[in-house]
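Given only the sequences and the hints, what does the whole structure look like? Please build it.
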Amino acid sequence: MIRLADGDRTAFDPIFTALWPLVLRFSERFLADPRDAEDAAQTALIKLFSHISDFDPERDALAWALGIAAYECKTLRKKKQRRRETAGEVPIEADERAGPESLASQRETEAIVREILSTLSEKDRELVLMHMEDRRPPGDDATFRKRLSRALRRFKLNFTGGPNDA
Amino acid sequence: MHDSRIAEDPKERARLLARRAYERGRLRLGLLPALLTLLFTLISLSLGREPLYSGAIGLGLAAIAVLFTYRGGIPGRAVLPGLVAGMPPLLFPWALRSVGHYCTSGSCHSLCLLGCVSGGLVAGFLLGKWATNQSARYTFLASGGILATGAGLLGCTMAGAAGMVGMSAALVLSSVPILMLSPTPSGAR
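Taken in order, these protein sequences are the chains called A and B.
Position 61 of the first sequence, counted from 1, bears residue number 61 in my numbering, the numbering being contiguous throughout.
Position 72 of the second sequence, counted from 1, bears residue number 72 in my numbering, the numbering being contiguous throughout.
If you're looking for bench data, these hints aren't it; they were derived computationally from the structure.
Among the clues, some could well be false.
What the hints assert, rightly or not - Just some of the chain A residues that point at chain B, by a computed CB distance under 10 Å:
no.	residue
1	Asp6
2	Trp20
3	Leu24
4	Phe26
5	Glu38
6	Asp39
7	Ala41
Said to hold, decoys possible - Only pairs whose alpha carbons sit at most 27 Å apart, straight line, appear in this in silico DSS-like list of lysine-lysine:
no.	chain 1	residue 1	chain 2	residue 2
8	A	Lys146	A	Lys123
9	B	Lys11	A	Lys47
10	A	Lys47	A	Lys74
11	A	Lys47	A	Lys79
12	A	Lys78	B	Lys11
13	A	Lys47	A	Lys80
14	A	Lys74	B	Lys11
15	A	Lys80	B	Lys11
16	A	Lys78	A	Lys47
17	A	Lys123	A	Lys80
18	A	Lys79	B	Lys11
As the structure is a prediction and not an experimental result, all values here were calculated from the model.
For glycine and all other residues, C-beta sits at the position ideal for the given N, C-alpha and C.
Dropping the structure here:
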């Protein structure tokens, strides 16, 4: 890190190779979606290498890198949350009065639910969301219930990791 | 590596973007020395130097400062010390310009010339002292010396060719002996 901060380009590859898996794994723990984790890890490393010339040799290099990654994860999470809210998606409400552990658990569940929703077909996803919002389409109610029941079954199977999971 | 493979592999994409960010960061680092050289050029212009001359030296000095900072290593470390050491030969003639001439034993000399030589001596002394703490002390001295001389030339043109040569010679004469006489410290960087 000190060598790279001093302009020694030969130190770039070893540092990147060492940091990428660590920062990625760290981001994966923060974010449920692996693509988000990759994005956060990438942004964190871009920021780190952009400011590496300011690196203070007295500091712990790994702690510095993970600090940037944590900040990027939080930013990405907030950005996604805001996007969901502005897109009018159904927010799975977390009780703000709950303790931090409970809140974190609720957020995790929210992320899992959203992830499973993303694995469903567009029609199934629409049905499940309608069900969650307590909406009904105009027309044949019996057909809707039948289709909803099938969509919910697929949702549950994906949730529990059943045979339809693949 | 092929572009399509870079786009597909997140690690390679991140590596490429991080490398670009690193190079951009190094260039950004050169901004401060570039601003300093701009200030020096403005001082030179305020001395009434020819704009073309001051502009050309200032531009060259800025380019060297940015290049050294961007590349890093010993020359990169010598940029700020070099520019700081270049301030005496830049400012001494400026401070003495209103005094005019001094006369001894029947002949008169410009005080600017004296300002340039003494500025060069101070610059060399400072650079020599700073270079003693470096592992590659002569590389540091040469890199810093180039920048100090460039900065000095911006101020010493008012003393003519004699002022410029005197300043450069004084810089070398006061810095090299310091390095030759001082032992290399064990903790040198």
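How the hints compare with the structure:
no., hint, in the structure
1, Asp6, "holds, 5 Å"
2, Trp20, "holds, 6 Å"
3, Leu24, "holds, 8 Å"
4, Phe26, "violated, 14 Å"
5, Glu38, "holds, 5 Å"
6, Asp39, "holds, 9 Å"
7, Ala41, "holds, 7 Å"
8, A:Lys146 / A:Lys123, "holds, 13 Å"
9, B:Lys11 / A:Lys47, "holds, 15 Å"
10, A:Lys47 / A:Lys74, "holds, 15 Å"
11, A:Lys47 / A:Lys79, "holds, 18 Å"
12, A:Lys78 / B:Lys11, "holds, 24 Å"
13, A:Lys47 / A:Lys80, "holds, 20 Å"
14, A:Lys74 / B:Lys11, "holds, 21 Å"
15, A:Lys80 / B:Lys11, "holds, 23 Å"
16, A:Lys78 / A:Lys47, "holds, 18 Å"
17, A:Lys123 / A:Lys80, "holds, 23 Å"
18, A:Lys79 / B:Lys11, "holds, 23 Å"
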